[in-house]
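Visitor: Please arrange chain F on chain C, whose structure you already have, making use of the hints.
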Amino acid sequence: MIAIERWIQRGNLRTLMKLGIGVVVSASIMNGAGEAPSAGTDSPPTAAATAFVTTSPLPSIARPQANQPLAGLPSDTHLDKTPPRRTKGLDLVKAGWTYNCMECHKLFPARWHYDDRPFNEHKDVKLEHGNNRFCLNCHHPTNRNAFVDYDGAEIAQADVVKLCAKCHGTIYRDWEAGVHGRQNGFWKAELGDKTKLRCIQCHDPHSPKFKPMQPLAPLRYPPRGANPLPATSPQTSAAH
Amino acid sequence: MSHDPQNEVSPRTVEQVYKPMNRRTFLKGAAASMIGVAGLMAALKPLLELESGAVTLDDLLQKHYRELTREDLQRIIISLAQKEQREYGVYPNLRDVKPLDGVEFGYALNLTRCIGCRKCANACLKENNQSREDAKDLEMSYIRVLELNKGAINLETSDPYYDPALVPQEGKYYMPVQCHQCRQSPCTKVCPVQATWQEQDGLVVVDYNWCIGCRYCMAACPYDARRFNYKKPTVAKDQINPNQSYLSNRIRPKGVVEKCTFCLHRTREGKYPACQEVCPTGARVFGNLLDPNSEISYVLNNKRVYILKEDVGTQPRFYYFFDK
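Residue numbers (this note's numbering), protein chains in the order written: chain C, 1 to 240; chain F, 1 to 324.
Don't take each hint at face value.
As the list claims (entries may be wrong) - Pairs of lysine-lysine residues, derived as BS3-like cross-links and limited to a Cα-Cα distance of at most 27 Å, are as follows:
#1 C/211 x F/254
#2 F/83 x F/254
#3 C/209 x F/172
#4 F/303 x C/209
#5 F/98 x C/194
Unchecked claim - A few chain F positions that, by computed beta-carbon distances, are all more than 10 Å from chain C:
#6 13
#7 22
#8 24
#9 47
#10 65
#11 82
#12 98
#13 127
#14 162
#15 163
#16 171
#17 188
#18 191
#19 194
Hints listed in this document are in silico derivations from the structure and should not be mistaken for laboratory results.
Quick reminder that beta carbons are idealized off the backbone N, C-alpha and C, glycines included.
In isolation and in its complexed conformation, chain F is listed as follows:
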């Protein structure tokens, strides 16, 4: 009988078999259970906030915007307004503005007239209650004004950070880019929870209470029109625009995606959007695509119109045009 080392049974002590608690195993176990408890606490944090009143049961159990009854929505809006008053010190005129019948919004921008003064981008910050006073804040204006070289529309060589003493500069032209409110919108198609959709008047909106912050829509958007709230917005009390709507410019929570809504709280009440209001050259033309006598229809019928990234097939409701 040959000696086979595989069959050899080494003698094991009772301590080796039963692995009693020594210093090392105790510390390992303690660390693991601490992590477990911390994870559990993190998972239950909303319930703790529920207890403290920072989050209400309505917030946790809220349905999707389009499934809400009128009463539920009204209750949620009041609770959001109260929350804003607690956190920012201003009780906003928060409401839900519904689309107008027979209206499909369109926007056109005159590339011959735009001088790149960035007033639209700054008005957007103010209108939409975005962080702006802290130098470390990102300013998430929905409008990026690109400086391009004359002779081509080449976004690769464009520069959104131009800062000369005077604009327009010789040999340059300026192209503000914002949400194009596409008819075939890639951003709404990729959303895993349908927190973003097209409204009846063509505006692509986000339900900030439903968004989970996965940022798929930002990756899908060919115009870089969406912004993510990496941190809670900081707006001074006297700078808050109290004219707010549920789907547009109410102060967003941290961790959700937001975007240009053509200022629906203004435009659905008949006003021009903020960027159009401040444009000093009148380069921006806004109106109802379904009205044949509107300004936007005049542009589409009579001007040379350019569609940015037409080849990606998004069919935007935002057009660029030229005077000459």
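Extracted from the complex, chain C is given alone in its bound form:
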């Protein structure tokens, strides 16, 4: 078992998929999903491992964070270039699968509603996006590589801003003008390029509220007349 894992982690999984065994593997996900993930005895009991049912021949794969492109100029080595959103990404994609959603979804029909969430992938997706309740509000019913427009036409993944603009028109207008969302690089177009982050690089489309973050420590400013306010009673400073 461990030997198979190692063999697959060495990058042979992609070859495996190309040989057509991918269909078998994905079918085994489907079959194995109904079973309880309690059989994980021979793999480390991590949260990542429980995502996969280890009785099936699928390896357990650690879930490192997906590689988001860094935001900012490469020359600014001293500045913080953390991407605004950290994504986990799909397990199979990180294991070497090409990002073609239809490879699985040709097996799974488009349904407006699933009573439970039986599959291994997308199990962590929790839809908290306004009053959207269905995957097919945004995802295309027949082509899972695309999003759906008002009239049922496809919106390519690269044009995801057009999808968001369906509802968030005023914010899309601001984004087009460069006033909403993070921009990096050059303000003067003649001197250099500007990079503009797209909607889903900051917002999780399934839970789009910008997540709270830990603030950096307060700085030690030179005192100017007033000392730091007492943390316990901010009202007292207003009194005098």
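Guide: Just chain F now, with coordinates in the frame of chain C:
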């Protein structure tokens, strides 16, 4: 003839009349002359430094920045860069970046989007080569992020030292304050030696070689945007940002005032300022006020804009705006 005590001449000894040197007068005189010599030495100290090479004749006789010829300025810049290499171990890419034609910089900050993460204030420290590694150092970031209570813009109850586990906090909003690059700038008016002035593109700058450190400008500024170097900046060698300019982020000497220059060494070369580069929410909008198609013009034309302390009449080039 009556006896008048006022007319009475008391007999004085020769010692009393001529005050010969006794122990007390000797010590008094010695102390006074020691103080005098010490004062003289202090006054001549620059000349001693001149002899040792710590200060050059150029430093002492340098003219005001705006009166310097190109060659003089180049010589001064090279000498400053060499000094920085001696003292900090890094030879910086120090230069003088001139204003661009047809550009007036403006900055707008979205109070709806700012979450108070302080990334801008920390990027400012790093970009502008300010002291930061010693716990006793003052961190003179040009940006103070204030935490305010929702419902009003009341700076009296604001808190720059907030430190919750997560931001934004319920019922609070955050307002970063930095130099507003005022059109009617009180700080430049009060400077007794004209060491600070407005450039052609609207940036208020300081000639650190000309500043005498009187701090009048700090008292005049209604936004608390200026910082004074009480001590020589301490920056580790590997943390120095070598991209430096004479009027902005070169490592300052002790005893001068410094301030935000919208990172002119970046912005005059077309880049965004450091605080805008790191803002994770995109709350900061920077651009050319004279360009009707710029982002900043879009904000001023289409958004609800708030000017901090508008009543003091400084007419800032820094604006706050709201999304909702």
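Visitor: Please go over all the hints and tell whether each is borne out by the structure.
Guide: The hints, checked one at a time:
1. C/211 x F/254: Outside the cut-off at roughly 42 Å; violated.
2. F/83 x F/254: holds (14 Å)
3. C/209 x F/172: holds (17 Å)
4. F/303 x C/209: holds (22 Å)
5. F/98 x C/194: holds (22 Å)
6. 13: It holds; residue 13 of chain F is separated from chain C by about 60 Å at its closest Cβ, greater than 10 Å.
7. 22: Non-interface label on residue 22 of chain F holds, nearest chain C Cβ at 50 Å vs cutoff 10 Å.
8. 24: holds (45 Å)
9. 47: holds (32 Å)
10. 65: holds (25 Å)
11. 82: holds (22 Å)
12. 98: It holds; residue 98 of chain F is separated from chain C by about 14 Å at its closest Cβ, greater than 10 Å.
13. 127: About 7 Å separates residue 127 of chain F from the closest Cβ of chain C, which leaves it inside 10 Å; violated.
14. 162: For residue 162 of chain F, whose nearest Cβ neighbour in chain C is about 7 Å away, the distance does not exceed 10 Å, so it is violated.
15. 163: At roughly 5 Å from the nearest Cβ of chain C, residue 163 of chain F sits no farther out than 10 Å, so the non-interface label is violated.
16. 171: holds (12 Å)
17. 188: For residue 188 of chain F, whose nearest Cβ neighbour in chain C is about 20 Å away, the distance exceeds 10 Å, so it holds.
18. 191: Given that every Cβ of chain C is farther than 10 Å from that of residue 191 of chain F, nearest at about 18 Å, it holds.
19. 194: holds (24 Å)
When held up to the earlier numbered hints, the structure conflicts with 1, 13, 14, 15 and fits the remainder.
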